[in-house]
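Protein chains in written order, with my numbering: chain X, 1 to 277; chain Z, 1 to 277; chain H, 1 to 277; chain C, 1 to 277.
The hints are simulated quantities; they were obtained by calculation from the structure and are not laboratory data.
The beta-carbon is built from N, C-alpha and C at its ideal position, and this holds for glycine as well.
Take these hints with a grain of salt, some might be off.
[To be verified] Far from chain C by the CB rule (all over 10 Å, computed), these chain H residues: (1) Lys90; (2) Glu135; (3) Cys183; (4) Arg265.
[As the list claims (entries may be wrong)] Reference excerpt, derived from the structure (chain C facing chain X, CB under 7 Å, subset only): (5) Ala119; (6) Arg121; (7) Ala137; (8) Ile139; (9) Thr147; (10) Gly148; (11) Gly157; (12) Ile158; (13) Met161; (14) Ser268.
Below are the chains, spelled out letter by letter.
Protein chains: 4
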Amino acid sequence: MNVRTDLAVELVSSKQNKNDGHDGYTCEIRETDAYKTTVITVDNETGEKAIGKPKGQYITVEMAPFGVDGEFTDGRVEAVEKELLKLIPKEGPILVVGLGNRDITADALGPLAVSKILATRHLKSEKGLLKNLREVAGIIPGVLGQTGIEVSDILKGIVEMIKPSAIITIDALAARDLDRLGCTIQITDTGVSPGSGIGNRRKTINKETMGVPVISIGVPTVIAMANITDDEKYSNLIVTPKDIDLLIERAARFISLAINKSLFRTLSTDDIIGLCG
Amino acid sequence: MNVRTDLAVELVSSKQNKNDGHDGYTCEIRETDAYKTTVITVDNETGEKAIGKPKGQYITVEMAPFGVDGEFTDGRVEAVEKELLKLIPKEGPILVVGLGNRDITADALGPLAVSKILATRHLKSEKGLLKNLREVAGIIPGVLGQTGIEVSDILKGIVEMIKPSAIITIDALAARDLDRLGCTIQITDTGVSPGSGIGNRRKTINKETMGVPVISIGVPTVIAMANITDDEKYSNLIVTPKDIDLLIERAARFISLAINKSLFRTLSTDDIIGLCG
Amino acid sequence: MNVRTDLAVELVSSKQNKNDGHDGYTCEIRETDAYKTTVITVDNETGEKAIGKPKGQYITVEMAPFGVDGEFTDGRVEAVEKELLKLIPKEGPILVVGLGNRDITADALGPLAVSKILATRHLKSEKGLLKNLREVAGIIPGVLGQTGIEVSDILKGIVEMIKPSAIITIDALAARDLDRLGCTIQITDTGVSPGSGIGNRRKTINKETMGVPVISIGVPTVIAMANITDDEKYSNLIVTPKDIDLLIERAARFISLAINKSLFRTLSTDDIIGLCG
Amino acid sequence: MNVRTDLAVELVSSKQNKNDGHDGYTCEIRETDAYKTTVITVDNETGEKAIGKPKGQYITVEMAPFGVDGEFTDGRVEAVEKELLKLIPKEGPILVVGLGNRDITADALGPLAVSKILATRHLKSEKGLLKNLREVAGIIPGVLGQTGIEVSDILKGIVEMIKPSAIITIDALAARDLDRLGCTIQITDTGVSPGSGIGNRRKTINKETMGVPVISIGVPTVIAMANITDDEKYSNLIVTPKDIDLLIERAARFISLAINKSLFRTLSTDDIIGLCG
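Sequences are here, hints too, so could you generate the full structure?
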């Protein structure tokens, strides 16, 4: 059966987690009480074939389900923040992109998370406290079926104009393993591949197509029925938690908090919560 | 594997559709181009054991998916209306109850449908056109986990006060067959059984507990993962269509239209759409 | 001009704040850096005529606008909690009621706030941590126009069943003074009077009609146009802040936090935020 | 008092509706039973000064309130469609832009209406029925405060890419006259001026800045308090109908229906409702 997943970690584990770089990729695991971080590095074409994902880094942070603890005070936000800091350029404007369809619950993660990002780009010419903040812009481009325009085309126009030093995308992902829904975050510098998530996006958003580094953050919110039955006629069915509405809201809050903390190092967490909710 | 479904039609078909009344139930099928109506009548305890559902009628109308045609003009609304007219008392106030949790997409069918029912009970003492309309009240009681009160307890208080000649409940159902999501309606006079839908409701709402006839309308919106895997730890996962948000909205519109038409026979469909949206 | 307001403090101030009890009411003011508390006590019929509100206590807490500080850490939640503790019975189940129409932004305060109350009544028979929590039930009864049933009638049935030691109602209020929108809370033990808020509720919910103490919490979210123009034809217009959507969400969070803190004294604020969001 | 309105018709009527072209503008009125159309043409700089709006056409259609009739069957949709047909180029791709903030009720008209536009641009290369449809793209760019990017800048990038023959914008407007809320539509070929609506947009979207004709459709949903009191501190207050939520939904449906009808002349109204809801 042709298993569909957006998580590199699921492709590695299905290959018994070889870690010696022999197959063109390496896999490193770090664990604390609160979370487990797996860094998969695909080094070359051999690795691309072995894993089935493009060259680059895939960092997975696994933690307690988003729905359990209200304030994420066990260090997991900081764990994600730390990984982001390694990938996000130290300087220059950042464009944060919420991928997916805001009107479909399981696909609304990106739009919802971006609505909680502190957009500051328009404030740079103003006086006062905020002028020292990093220049950040956010955009919710919608999906092809709604707009009639490829998301990558919309982004290219915006990138040319605001010339960010990097793009951060946020998206709902499809996983293969039922245990990963709602307790996993994947960060990658390889961009967003076609056909990801529950939609059917087509053109890749990555460094090659955008001209600047693309850091993609995703949370698995659904499992494609294709992973459970290979009957074509069920391709429009998905598996989700009963409390998917709550999961999406909490995951959006989590991701936006981690991004805001990594972009606005001079603000306290309380300041960020105050400004962004 | 212990298959979970709220649809009587799925329990019969799995028993090869015996139709002779020998097992304590009968099954009658009527088909047109646009829809297929199955009436299962459970006659006695033998039938209750065979089907696993209480004595009474289970009417299933199968049709084109709710998402396809905008205005339901192919006669299917009238097909459901016709079945409702057989069950709803000709006179007396009607209480329409939207079961389920408004804040969980797949469980919001009942609340959403009731919000489109034309409530008239408070208008009966007023002058003008509306005073000849049937007395109808609607209520969205919420779910036990949100309110801390059993839904049946909330309803009992309201029933005592407004003394309806019947209760109509609307609820999201769980099905077993992937093909039935979003294109099936079940109507029954047996009430709503505990544990139905995706929530975990516990006390039955039926003629015995309410003191008046209870007509229950439901649409399968999810399939319990228990029907696909019997691993206990996945009991909080469900299978839904990708476009569940649209499906719920359309099914709510469909059901409310059929109920409004059966309760307000002197109003035209256009009037009802004008008043209820 | 016949000024319409739900805030007792506005009726007193328009009478130049007489404080000697001579007119049948007294008015006491306490101020801190973060908020100002005004306690108006209407003692007798003379006071009722002077103020135009029934006998009892009206406590107003004025503070910084809800939209400004993210986490309400300046003591104002505790200020409201303190006032609630004086009015809420020490023991017995509590019924929290979210008045208003969930589908009208400016009237959704009550429903939204109740959705954040920790309902525990159904957990009392269960083992574990939660069994020592106070018995709390929540209900969102809807409005007359939607349900066809008077809210007070719905509540009476529920009160008979769960026999609370008190009812707490939450409702959006109409104010007269443009400065009070979004930065004022009124708490009263006199119940909710007919025609309050932006809806047109008719039957009073108070100790006389319910049989148990009724503590009503409200936040002014609108100003009736009748306070600005007395032209009848504009009676369906209201004045609100541009950011009314944010205001309602924040006020609901504030009120639910204050109620949860006053009802669950053994839980920390962090626990409550974790459980209720 | 400095009256603020987005409706040209209100500026003319306050100048006693001079109609002779002497002041640099003309005003033509057509009435039927169901609606009243006013066409104001500002001819030159004299007219610009007299009216306070840029040169071009301002067409106002006044009708019954959006909230009353369910299906808009009295010809008013066709009245708006007819005016649009005069302004929209016969050929070439069309970009429909939903201005305003989706998360603020009174400002959500544009985003909501665009979500009901039939986007076809991505279907042009596909086979079948839809390939003969006009090429239409839709976009909801968000507002400056959310995105950090000027809306006009976002649009410029998209315009360069899809090269539309015209842009249609949809936006919530501010009116001066309480009677115009929810029963008026303005169509203009002059673009959207800075500071319109309830937001604070700054850069004009018009033929000069975009390079293609811009047809702007708006519905007054609010009145600025500045029209009632000139106290600066109330500049963040607005007057709206109590049922603003319903009004916005209905107006969005109305506008999208009129636009879809004018862009897809080969589709029936029923087809459009079926495809767009």
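Each hint, compared with the structure:
1. Lys90: holds (40 Å)
2. Glu135: holds (35 Å)
3. Cys183: Per Cβ check, H/Cys183 is outside 10 Å of chain C; nearest 13 Å; holds.
4. Arg265: holds (36 Å)
5. Ala119: holds (4 Å)
6. Arg121: Holds, about 3 Å.
7. Ala137: holds (4 Å)
8. Ile139: Nearest chain X Cβ about 6 Å off; hint holds.
9. Thr147: holds (5 Å)
10. Gly148: Where the cut-off is 7 Å and the nearest Cβ of chain X is about 3 Å from C/Gly148, the hint holds.
11. Gly157: Where the cut-off is 7 Å and the nearest Cβ of chain X is about 2 Å from C/Gly157, the hint holds.
12. Ile158: Where the cut-off is 7 Å and the nearest Cβ of chain X is about 6 Å from C/Ile158, the hint holds.
13. Met161: With a closest approach of 5 Å, the C/Met161 hint holds.
14. Ser268: At about 21 Å, which exceeds the 7 Å cut-off, the nearest Cβ of chain X leaves the hint on C/Ser268 violated.
Of the numbered hints listed earlier, the single one contradicted by the structure is hint 14.
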